[in-house]
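Protein chains in written order, with this note's numbering: chain A, 1 to 248; chain B, 249 to 461; chain C, 462 to 683.
These aren't lab readings, by the way, just hints derived from the structure by calculation.
In this text the structure is predicted, and so the values were computed from the model without any measurement.
Note that beta-carbon positions come from the ideal geometry of N, C-alpha and C, so glycine has one too.
Wrong hints could be hidden among the right ones.
[Said to hold, decoys possible] Pair ranges (Cβ atoms, derived): (1) A534/C - T123/A: 34 to 44 Å; (2) A534/C - A417/B: 17 to 27 Å; (3) R481/C - P173/A: 34 to 44 Å.
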Amino acid sequence: MSGGINWFKYSSPQTFFPLAGKLAFWFGVLALIACAAGLYIGFFAAPTDAQQGEAYRIIFIHVPAAWMSMFLYLVMAFWAGLGLAFNTRLSGMMASALAPTGALFTFLALWTGSLWGKPTWGTWWVWDARLTSELILLFLYFGFMALQAAIDDPRRADKAGAVLALVGVVNIPIIYFSVKWWNTLHQGASVSLTQAPTMAATMFAGMIVMAFGFWFYSIATALMRARCIMLERERASEWVADYAKGSA
Amino acid sequence: MEKTSGIPSLEAVDLQCTRGERTLFNGLGFTLRGGELLRIGGANGSGKTSLLRIACGLLEPTRGEVRWAGENIRRLQEEFWRRLVYVGHVNAVKDDLTALENLQVACTLAGLAAKRPQIGDALRVLGLAGCENLPARVLSQGQRRRVALARLALSEAVPLWVLDEPFAALDAAAVECVQDLIAGHVSRGAAVILTTHLEARIAATLRIDLEAS
Amino acid sequence: MLAALRCVIHRDLLLAVRRRSDVLTVLLFFVIVVSLFPLGVGPDPALLRTIAPGVIWVAALLASMLALPRMFASDHADGTLEQMLLGATPLGMTVAAKVLAHWLVAGLPLVLISPVLALQFDFPQEFLGTLTLSLALGTPVLSLIGAIGAALTLGLRGAGALLSLLVLPLYVPVLIIGAGAAESATSGIGGQAQLLLLAAFLVFTGALAPWAAAIALRISAE
Chain A
1 MSGGINWFKY SSPQTFFPLA GKLAFWFGVL ALIACAAGLY IGFFAAPTDA QQGEAYRIIF
61 IHVPAAWMSM FLYLVMAFWA GLGLAFNTRL SGMMASALAP TGALFTFLAL WTGSLWGKPT
121 WGTWWVWDAR LTSELILLFL YFGFMALQAA IDDPRRADKA GAVLALVGVV NIPIIYFSVK
181 WWNTLHQGAS VSLTQAPTMA ATMFAGMIVM AFGFWFYSIA TALMRARCIM LERERASEWV
241 ADYAKGSA
Chain B
249 MEKTSGIPSL EAVDLQCTRG ERTLFNGLGF TLRGGELLRI GGANGSGKTS LLRIACGLLE
309 PTRGEVRWAG ENIRRLQEEF WRRLVYVGHV NAVKDDLTAL ENLQVACTLA GLAAKRPQIG
369 DALRVLGLAG CENLPARVLS QGQRRRVALA RLALSEAVPL WVLDEPFAAL DAAAVECVQD
429 LIAGHVSRGA AVILTTHLEA RIAATLRIDL EAS
Chain C
462 MLAALRCVIH RDLLLAVRRR SDVLTVLLFF VIVVSLFPLG VGPDPALLRT IAPGVIWVAA
522 LLASMLALPR MFASDHADGT LEQMLLGATP LGMTVAAKVL AHWLVAGLPL VLISPVLALQ
582 FDFPQEFLGT LTLSLALGTP VLSLIGAIGA ALTLGLRGAG ALLSLLVLPL YVPVLIIGAG
642 AAESATSGIG GQAQLLLLAA FLVFTGALAP WAAAIALRIS AE
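This is chain A alone, in the form it adopts within the complex (with noise of 0.2 Å):
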């Protein structure tokens, strides 16, 4: 993330804090900015769908949101891992930071998918297989956080979590290949949300804008928590009093 010469000055917490904070605000304002463009796009500008009519708009929420759930779930799975091979604090940190945001995204997936598929096939669930697999990943997200929540010591929480996220991404790609099958396999449950409406290039661009600006407000956000969790967890080393006092 950051593009300093020496990477190794920011792996302790203490020269990461005042770092984090400034990214975490540049970051957010980047989010601000692509969210309001991407959301102009996908509401406004983008044409009317043929078939779907304006229901499917709710896709430029839907599909970028489900891409930042499972990029999330990699990326935290990656610090974890980097964590628990090098024995550095600030992986662990990061790795925590990023699933609530992940759960978040893949909540809001799950969501709007639901909220897709009510007006498009007339109900509120569909076993499909990427949602059912959206919901599964929701649990995986939440397995690492009641994990984490549930030991008192934060190396071995970081470590526990660490192997847990590894697990669990050797484990979605067959998670999602055993859904997919089952789904094809049975076909009474065959309204499919991957059925998206062809793609013009205005619909294309304003889901990437859309994922831009959830992947700047995914940093922005891991970045403030990680801050959070630098200050919980050095609480008693000087640097958190000086700060203390500091904005005191």
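Position chains B and C relative to chain A; hints supplied.
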């Protein structure tokens, strides 16, 4: 009368241990060679057990490392553990197994080839003759501790003993017996680390006293 | 090393035999849960025949999960687990041996009784073999994946419920393929593909899960 050590040394380098919020100790180091006894003292909660567990490789120190023959024990793994006996606070004794079975399992897992008669002898040395075939459930606290310690009688070839409060819950006779085992082991040129509140009659070569914070 | 592994399996089986009630409870749970479904959905034979593989699989999954804490919890409590961590055999192998013993006690009985329960649902007899085989291949996979969860939640408060949350999402592929085997058999396609896939899962998890569980055990024992 000490033999020259033929065993590698256990080196602790710049150990720091933080449990939750508290830093139990910082910058701790020692070198333990064959024929030496390290005694760790300190009040309750001062980190004695944590230090022992770090020395065994069960706990990872927040900083620093422990070396056996110059190599980090976390890299050596089984190679180091084959040369170690750890008797912790908790007796690793299963209630549903008999004393004999418990000891048999402990030896096999540690890679010690011990036959039934030898195991019976070990239990007898610790004063448990007649209790061999009783499930550990019916034994008293002291007897269970002795089952756990009986392993020492079979571990003469193991170069490093790490004992956490070995004399706890023992009566005077058993304490004498265990002290004999420890003294014998040290005089054979092996190394022992122990924590205890008792004033043991074996002279400690090294002492580390951890302060309670 | 083989002596140590045999010792671990023998020890765990011995302990299970001396605490038979633990083992039987899991089996009874399985039977009861399967019997609950007709009470919930009605006794229509056609419906029951269709849902039989799924119901039996879900019940086996839940029963298997119920038995998971037994794998490490008691060893952790009395300190014997620590000794395994300091043992002369690689921890991954010790864990594999424990999982095998656990499956023999908690998984195999389910496999053996499943044909009887399937008959309760009037499941066609010619496909009982496929159903039983799918469980025989699938329940060890459940034990292996469950071992990772059990190791991660060792000693935590609320470990049982937390364990379910961790492990059930990972069980989903096994459930889908496992139940699918019998369903494909009844629909005439034949369940070989799924059975082969289950065998592949077994090999995959058999190779990787013990090591992941071993790492998790070291983390939990710190």
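Hint by hint, here is what the structure shows:
1. About 43 Å separates the C-beta atoms of A534/C and T123/A, a value consistent with the hinted range of 34 to 44 Å.
2. Remark: the range hint 17 to 27 Å for A534/C to A417/B is upheld by a beta-carbon distance near 24 Å.
3. For the pair R481/C and P173/A, the beta carbons lie near 41 Å from each other, so the given range of 34 to 44 Å is met.
Figure legend: structure checked against the earlier numbered hints; every hint is met.
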